[in-house]
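Asks: Chains C and L supply the protein sequences, listed in that same order. Numbered by our numbering, the letters in the first sequence go through residues 1 to 311 in order. Numbered by our numbering, the letters in the second sequence go through residues 1 to 277 in order.
If you're looking for bench data, these hints aren't it; they were derived computationally from the structure. Owing to the predicted nature of the structure, the values given are computational and were not obtained by experimental measurement. Hints are supplied without guarantee of correctness; some may be wrong.
Cross-link-like lysine to any residue pairs, in silico, SDA-like; alpha carbons within 25 Å at most [what the hints assert, rightly or not]:
id, chain 1, residue 1, chain 2, residue 2
1, L, 277, C, 10
2, L, 277, C, 133
3, L, 277, C, 12
4, L, 216, L, 250
5, L, 113, C, 251
6, C, 145, L, 116
7, C, 214, L, 276
8, L, 113, C, 10
9, C, 145, L, 37
10, C, 145, L, 104
11, C, 145, L, 39
12, L, 277, L, 186
13, L, 277, C, 64
14, L, 113, C, 274
To give an idea of the chain C side of the interface with chain L (calculated C-beta under 10 Å), a few residues [unchecked claim]:
id, residue
15, 62
16, 96
17, 100
18, 227
19, 230
All residues carry an ideal CB built from backbone N, CA and C; glycine is no exception.
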Amino acid sequence: MPPSSEVLVRARGLTKRFGTFTAVNAVDFDVHVGEAFGFLGPNGAGKTSTMRMIACSSPVTDGDLSVIGMDPRTQAAQIKSRLGVVPQTDNLDAELTVLENLLMYARYFDLPMSVARPRAADLLEFMQLSERAGDQVEPLSGGMKRRLTIARALINEPELLILDEPTTGLDPQARHLLWERLYRLKQRGATLIITTHYMDEAEQLCDRLVVMDKALIVAEGTPRELIERYATREVLELRLSEQARAGLNGRLDGLAERVEELPDRFLLYAADGEQALEGVHAREIPIESALVRRATLEDVFLRLTGRSLVE
Amino acid sequence: MAVVTDSRPLAPRSVSGRFIGALAGAARVLQRNLMVYRRTWRGSVFGSFLTPMLYLTAMGIGLGSMVGKGGSALPGGVDYLHFLGPGILASSCMQSASFESTYPIMGKIAWRKNYDAMLATPLQVHHLLIGELSWIAFRMMSISTVFLVVLTAFGIPRSPLALLAIPFAMLTGLAFAAPIIAFSATRTNDSGFAALFRFVINPLFLFSGTFFPVSKLPDAVEWVAAATPLYHGVALVRGAVLNAMPAEWPLHLAYLVVFVSITAVIAERLLRRRLVK
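With the rest of the complex left out, here is chain C (with noise of 0.2 Å):
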């Protein structure tokens, strides 16, 4: 199902403040119905922030939220009912079974045991957790686990599925299918809000995105449009030795849009990566290797919210 103009959540100067630390700064943003929007940015950026005023798990403290066209502020109760919330840490009941866990969050949801049975059922295949319907929670890996929030999440059929860095601490295979379920999930209409610090992560799963760095809104668009705007289409990788580098002088200017130095290479950013290595070798540049790839929403991240670890 393509997404759809009609605005699921709206936020306007939407602010939240801890005492006098500012967590999100009056950011204003649109997630239409149907679409996987996402939040990235580092560490401390607001994303979370953000996504629990949306949940109503925290007070706004500033400008308009409107969330499925209610107010957290006084309809928190009626937004819940229709949200699935997938929080950054697990907080399963490690007291409950796998079934249990599905099944006692469905009653908190005030659905009857006569709906949750087969929604449950239906959610453990789904996400390939039925034969471990009976066991502990504890026991189960880390991407089990994962999975089983999601499905936990789902039981109350949302509208509207917020999920806080989803696959972040799990490993590759555990990523991929986590993945291709909540592909499955858009597919079926579902709306996801993301927020992930993985830009492969934005890549597979967001139509459209937000950058947030310290507190602000930076930048908004599709993967593409920001690949157009912050990056370019391709990106050439230079190495070169400690010698050609002191003797470098600026002969790498002009042959790309941008040069960025890092410590150990430099970043041609150019729409043809091989023209712009052509050029090196036409300079007779003492390279000691070269990298055309595609420019990613990691180069745009790193563009717009700065090199620096944020700790």
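Could you slot chain L onto chain C? The hints should help.
Replies: For chain L alone, coordinates are given in the frame of chain C:
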């Protein structure tokens, strides 16, 4: 395959007023604890038998034989075993309710974050609190029922009035559960709990009329003891079991009801401050 369909999820049932809504929410929380209890109840009931058996045998019969029978020192001239039995009942409820309000609550707040998961649903903070208090009241009911059976085996209850000891014991438990849940809501780790048991619960156990009448204490200490909930709980439970309700029983009852109400309101505020940021 029903995952994400066009069907709208069920909105919360329209309930007549917030009161019924709160009870329905609390019932879910209670149901969750009962679901866990289904697997653990056997051991827990066995434990409930063991405590009174040990105390009544060691202290009631062993120590009681040295205290002297029919001594005028005890109100109503009762045997020490008969004096001690209902006191231990009330004290056991205090201890169990206190324990249930520390580590398990802390776990759900901070370690396993069950409450975060529950608050992502239409459940609200006061549903969590009322649900946990109902659960603790249920535990007190089962503990005091088993206790009464043991007391009966020792021939202690004087009349069917003794059944009133069950609601009185539940109330006594709540008078510890509500303030201790409030305390737990302010803790970032469990280091305060050992101090709570060492400096509050154990002294109360010793000085609130369980083992000897509070009137034997110096006046100042007697007043301190009378200001704490266990004293009132012991008075009510003992009155019911021995069919000798003290004339001032409405005051004891009113004290406990008011104490539970006030501390429950405080607990709700502190839990909200902790869980909703």
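Asks: Mind checking the alpha carbons of residue 113 of chain L and residue 251 of chain C for me, to see if they're no more than 25 Å apart?
Replies: Outside the cut-off at roughly 57 Å; violated.
Asks: Within 25 Å, alpha carbon to alpha carbon, are residue 113 of chain L and residue 274 of chain C?
Replies: Violated. Residue 113 of chain L to residue 274 of chain C sits at ~53 Å, over the 25 Å cutoff.
Asks: Closer than 10 Å between Cβ atoms is the bar; does residue 227 of chain C clear it against chain L? Give me holds or violated.
Replies: Violated: closest Cβ of chain L sits about 30 Å from residue 227 of chain C, beyond 10 Å.
Asks: CA of residue 113 of chain L to CA of residue 10 of chain C, is that 25 Å or under?
Replies: Answer violated: residue 113 of chain L to residue 10 of chain C is near 29 Å, above 25 Å.
Asks: Within 25 Å, alpha carbon to alpha carbon, are residue 277 of chain L and residue 186 of chain L?
Replies: Roughly 14 Å separates the two Cα atoms, so the pair holds.
Asks: Does the structure keep residue 277 of chain L and residue 64 of chain C at a Cα separation of 25 Å or less?
Replies: Status holds; Cα separation ~18 Å.
Asks: Is the straight-line distance between the alpha-carbon of residue 277 of chain L and that of residue 10 of chain C 25 Å or less?
Replies: Holds, because 21 Å separates the two Cα atoms, which is no more than 25 Å.
Asks: Next pair to validate is residue 145 of chain C with residue 37 of chain L; report whether the Cα-Cα distance is within 25 Å.
Replies: Status holds; Cα separation ~23 Å.
Asks: Hinted pair, alpha-carbon criterion (25 Å max): residue 216 of chain L, residue 250 of chain L. Please report holds or violated.
Replies: Holds, at roughly 23 Å.
Asks: Against chain L, with CB atoms and a cut of 10 Å, does the hint on residue 62 of chain C hold up?
Replies: violated (16 Å)
Asks: A closest beta-carbon separation below 10 Å is what the hint needs, so does residue 230 of chain C meet it against chain L?
Replies: Nearest chain L Cβ about 33 Å off; hint violated.
Asks: Does the alpha-carbon distance linking residue 145 of chain C and residue 116 of chain L stay inside the 25 Å limit?
Replies: holds (16 Å)
Going down the numbered hints, you'll see the structure goes against 2, 5, 8, 14, 15, 18 and 19, while the others check out.
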